[in-house]
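Asker: Given next are the chains, with one letter for each unit.
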Amino acid sequence: MRWSVSGITISLLLALPVPSRASGEPAIACNAPDEFVTTDVPLAEFGAAIASGGPVNILAVGSATTVGAPSTKDQKPTAIEGGTFPVQMVRSLNAAMPSVRFTLTVRGGRGMTADAMLKLLDETLKQQHYPLVLWQTGTVEAVRGLRPDGLLDVLHQGADAVSDGGGNLVLIDPQFSRFLRANTDVDAYEDVMRQAAANPGVALFQRFDLMRSWADDGSVDLERTAKEDRDKALDRLNSCLGQVLAKFVLSGADAAKK
Amino acid sequence: MTLIRSNRSRDLRVDFFRGLALWWIYTDHIPGDILGKYSLQNFALCDAAEVFVLLAGFGAGIAYGTTMNRQGYLYAAADTLRRAWTLYIAHIFLFVVYAAQVAYSAAALDRMFYLEEARLNVLADDPFRALLEALLLRFQPNLLNILPLYVTLLLMFALALPLLRWPKLLFLVSGAIYVAVRMTGFNLPSWDDAGGWFLNPLAWQFLFMIGAILAYAPPRMPRVRWPLDTMAAAILVAGVVIIWVIDNHPRILASMPMPVIRFLITQDKTGLHPFRLISILSLTWVVVRIIPREASWLQSRYSWPLVLMGQNSLPVFCCGIFFGFMARLGLETDDSTAMQFVVNVFGVLAMLAVAGLAAWYRGKGRGSAVPRQTVSLPAVARTDTG
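Respectively, the protein sequence lines represent chains A and B.
24 is the number of the first residue of the first sequence in my numbering; add one for each residue after it.
548 is the number of the first residue of the second sequence in my numbering; add one for each residue after it.
Hints in this document: simulated from the structure, not taken from any laboratory.
Keep in mind that this is a model prediction, so the values were computed, not measured.
In this text, a Cβ means the ideal position worked out from N, Cα and C, and glycines have one as well.
Since no wrong hints were added, every one of them can be taken at face value.
Derived, one-sided and incomplete: chain A residues facing chain B with beta-carbon distance under 8 Å:
id, residue
1, Arg-170
2, Asn-206
3, Asp-208
Full structure from sequences and hints, please.
Answerer: Below, the structure is given as structure tokens:
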């Protein structure tokens, strides 16, 4: 229970426009197999919000990797210099469509279960309309061996809540890690995430498989990075995830036009 | 001396498929193992766990049913409890191994903070309580949930043994408990807020009892078999469609009403979802229909490795989980094709070695026990029940 309590206290509310990268700063090139970059799920609400010229309010709910909580006690929160992947995604969206303003609200906390996040999601959706909601979850369930069918149930409820609030939902699965794969039954939770994406207007961003492809080709691999270079690698990871995720949600908005 | 036990009353099909399930359980317990993509769960709505529990029930029905016929209920129940105790000790041993493995891999990856994330951090936070909860089976780490299920199933079976003589009544009582559990969601408690046991014994007992009934009081084969053949085949084909098409492309359901979609994609393992139950029963029917009991290939040298493993399933199962831990560490260090090859070949050879040793030991022990039989307890036909 320690986690959920501290999780809520770390909950962040960043309803601020995300600044774009300083001009002249070189963008990191991130290669990703096409299957991870595009979706054929029509994200109609998100597309409509873009078409109306914005502002497009995006809500990101998640655990440590979404809120950017430090992973060790001695690590400073600023270790993630360029921002977490949702921040990086919004930066990429703003760069891709300068005429539309995208804003980001982040809720959640380290070690938070999907069930705890569902309550946050419900509360937050009551306060404001979000045409796009990112929900990163599943890791805490896998690590703690919580029941996968319970997770599916919670994800269905979340899908309903987002849809009732007039938004589209992009689910984001656990991040790839050899440790997670070796010590948890992560496949069972991956299955559940895939199943939850059967809900209309819900897309699954396959972070686990995408990160594994990066680990395989050696481009970003946190667990094989020397300690002193880890902050830099983490920054690169967030930047790449953000870029790919931006393309992913825009492809969903395009799919809605067809 | 031959290691394979075979006589007219022994159904080698049971041994063969039990061995196959043990091998699948090994690969399924190594996340990232390439062979895990070819195990039963990729072709049917059930997986190796269902095969294992059904055949464990079958083995228990033969072994303890025979014991009960010869020595009476109390002796058979005590024998069942002795087996449950062995499994319990094995589980606690594997729990300790698991804790050590997680600590080792966190250190090897220079990621000690992982320990805080893994559920095992409770061992550091509150070690006395965590040990107590593990002993009470209320704390079951990832991938260590089959043995607690098995222990509990044997405890229930010890109580249900007398009902074996009234198989229809046992079937009805067991089925009624299953239905009640499905409707209420009742589950054994777990520590923390994990929402009950990962595999709910009160639901899974139905499959175990069905196995025991099939062994102890085999029902007559129906005279007209094509309706069952058709139904079983249709169920298996539907399972393949759900797994290959719907699970991978859930969007094709988009035009259907939401309750239908959710109905089709939900097959919870915790409560042995009815889809999973009818899937394993259909599979059993099809196997029984396609493979005759006296099929010659079952006795061939190609199938003896699996038969040997199936005949010594308790040590093979426990050691298989232990070898799986090593394989996980192997794949964590290096997930190249070469390492995949190494962990899989190692796993099969190691499990075969355990099976061979167990069979040899048992055969040897039986041989030397013969002259002393007059002074020892009456000989009991010991079929493997693990």
